[in-house]
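Chains W and L supply the protein sequences, listed in that same order.
According to full-length UniProt numbering, the stretch in the first sequence is residues 1 to 154, in order.
According to full-length UniProt numbering, the stretch in the second sequence is residues 1 to 154, in order.
Honestly, I wouldn't trust all of these hints.
Pairs involving identical chains hold if they fit within one copy or between any two copies, as the list cannot separate such chains.
With a straight-line cut-off of 25 Å between C-alpha atoms, the simulated DMTMM-like cross-links for lysine to aspartate or glutamate are [stated by the list, open to error]:
no.: 1; residue 1: Lys95; residue 2: Asp122
no.: 2; residue 1: Lys4; residue 2: Asp135
no.: 3; residue 1: Lys19; residue 2: Glu137
no.: 4; residue 1: Lys95; residue 2: Asp135
no.: 5; residue 1: Lys125; residue 2: Asp71
no.: 6; residue 1: Lys20; residue 2: Asp139
no.: 7; residue 1: Lys125; residue 2: Glu142
no.: 8; residue 1: Lys106; residue 2: Glu137
no.: 9; residue 1: Lys69; residue 2: Glu23
Read the hints as simulated data drawn from the structure, not as lab findings.
These figures come from a predicted structure and were not determined experimentally.
There are 2 protein chains.
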Amino acid sequence: MDYKVERLLVNYKTLEEFKKFKEYGIQELSMLDDLEENIIENDSESPFYGIYFGEMLVARMSLYQRGAKFDRYFDPQQEYLELWKLEVLPNFQRKGYGNALVDFAKGFGLPIKTNPRVQSHDFWKAMGFTPVEYDMERDLGENPFLWHPDGIVI
Amino acid sequence: MDYKVERLLVNYKTLEEFKKFKEYGIQELSMLDDLEENIIENDSESPFYGIYFGEMLVARMSLYQRGAKFDRYFDPQQEYLELWKLEVLPNFQRKGYGNALVDFAKGFGLPIKTNPRVQSHDFWKAMGFTPVEYDMERDLGENPFLWHPDGIVI
Numbered sequence: 001m002d003y004k005v006e007r008l009l010v011n012y013k014t015l016e017e018f019k020k021f022k023e024y025g026i027q028e029l030s031m032l033d034d035l036e037e038n039i040i041e042n043d044s045e046s047p048f049y050g051i052y053f054g055e056m057l058v059a060r061m062s063l064y065q066r067g068a069k070f071d072r073y074f075d076p077q078q079e080y081l082e083l084w085k086l087e088v089l090p091n092f093q094r095k096g097y098g099n100a101l102v103d104f105a106k107g108f109g110l111p112i113k114t115n116p117r118v119q120s121h122d123f124w125k126a127m128g129f130t131p132v133e134y135d136m137e138r139d140l141g142e143n144p145f146l147w148h149p150d151g152i153v154i
Numbered sequence: 001m002d003y004k005v006e007r008l009l010v011n012y013k014t015l016e017e018f019k020k021f022k023e024y025g026i027q028e029l030s031m032l033d034d035l036e037e038n039i040i041e042n043d044s045e046s047p048f049y050g051i052y053f054g055e056m057l058v059a060r061m062s063l064y065q066r067g068a069k070f071d072r073y074f075d076p077q078q079e080y081l082e083l084w085k086l087e088v089l090p091n092f093q094r095k096g097y098g099n100a101l102v103d104f105a106k107g108f109g110l111p112i113k114t115n116p117r118v119q120s121h122d123f124w125k126a127m128g129f130t131p132v133e134y135d136m137e138r139d140l141g142e143n144p145f146l147w148h149p150d151g152i153v154i
């Protein structure tokens, strides 16, 4: 599958597309507020990447690069990407859109941490991610899965 | 509604009950491993609190007290409770079990932070919780809601 992954811009069209996704929450509402109050410009870069089918956004994820001092997962502490809100619209699932987004994230060459929904653990394992050993004080309600470019796992 | 909230013990019966809840993940699997490997004793105290209907666990939540130095939500920094995995079994919803658990958590007299599912925001607002102003670096994929015993909100 050869899908084109694009960095999404913050504008009313993108925010309207986001409403189709289940994980629409405070992050999206905050982007809308910032746009309406001119705190950010129309077409600013967002932390979201997505894939369009024609004119329609059908898959997306959010990515954020965290500095080594925030790292509580890799040894030694290092820069890593936090990946969240990976989601493919129902009619487009099982066609490789999710894989394409995760492969794109891996392409930055940094370790990746994600906190997947319980129902998606098999997907993350198939993508080469490993569940951490649970540490309550660190992980609380999370189910972190990690990937490292060198294949190193805790 | 006068429900009795109990601190749950880690034993095979409790862990079997947990399988009925949707949010069964790495935390529960880790407790099972620890029990099987004798890392924790049978009937150890867990971070979970729950309500039984007869013999059956029908509602639960996890609570963890975090020290002030971990606080990134309240001003000044202070001890607070992190609340997660609040869940009521489908046939027992809308009967006040969720309220009873949250009221129990409030009874500790500490501020509370939770990261609710997007679909449950109305419940948390009705319980007196307030959504934070979104800060991407801090909140990433979360939708934090806060409650403070003095009614102070950011």
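**Request:** Classify it for me, Lys20 with Asp139: is the Cα-Cα distance of at most 25 Å met within a copy, between copies, both or neither?
**Result:** Classified as between: cross-chain Cα gap 22 Å, same-chain 29 Å, threshold 25 Å.
**Request:** Please work out whether the CA atoms of Lys4 and Asp135 approach to 25 Å or closer within one copy, between two copies, in both situations, or in neither?
**Result:** Neither. Shortest intra-copy (37 Å) and inter-copy (29 Å) distances fail the 25 Å Cα cut-off.
**Request:** State whether the alpha carbon distance between Lys95 and Asp135 is at most 25 Å within one copy, between copies, both, or neither.
**Result:** neither (35 Å within a copy, 33 Å between copies)
**Asked** With identical chains treated as interchangeable, where does the CA-CA distance between Lys106 and Glu137 reach 25 Å or less: within a copy, between copies, both, or neither?
**Response** For Lys106 and Glu137, only the inter-copy Cα distance (20 Å) is at most 25 Å; the intra-copy one is 28 Å.
**Asked** For Lys125 vs Asp71, is the C-alpha pair at or below 25 Å within one copy, between two copies, both, or neither?
**Response** Answer is within; shortest intra-copy Cα gap is 21 Å, inter-copy 32 Å.
**Message:** Cα distance capped at 25 Å. Does Lys95 pair with Asp122 within a copy, between copies, both, or neither?
**Reply:** within (16 Å within a copy, 34 Å between copies)
**Prompt:** Are the CA atoms of Lys69 and Glu23 at most 25 Å apart within a copy, between copies, both, or neither?
**Reply:** Neither way: Lys69 and Glu23 sit 28 Å apart in one copy and 30 Å across, limit 25 Å.
**Item:** Lys125 and Glu142: within-copy, between-copy, both or neither at 25 Å Cα
**Value:** both (16 Å within a copy, 23 Å between copies)
**Prompt:** How would you classify Lys19 and Glu137 at a CA-CA limit of 25 Å: within, between, both, or neither?
**Reply:** Classified as between: cross-chain Cα gap 23 Å, same-chain 34 Å, threshold 25 Å.
Consistency with the previously given hints fails for numbers 2, 4, 9, ordered from lowest to highest.
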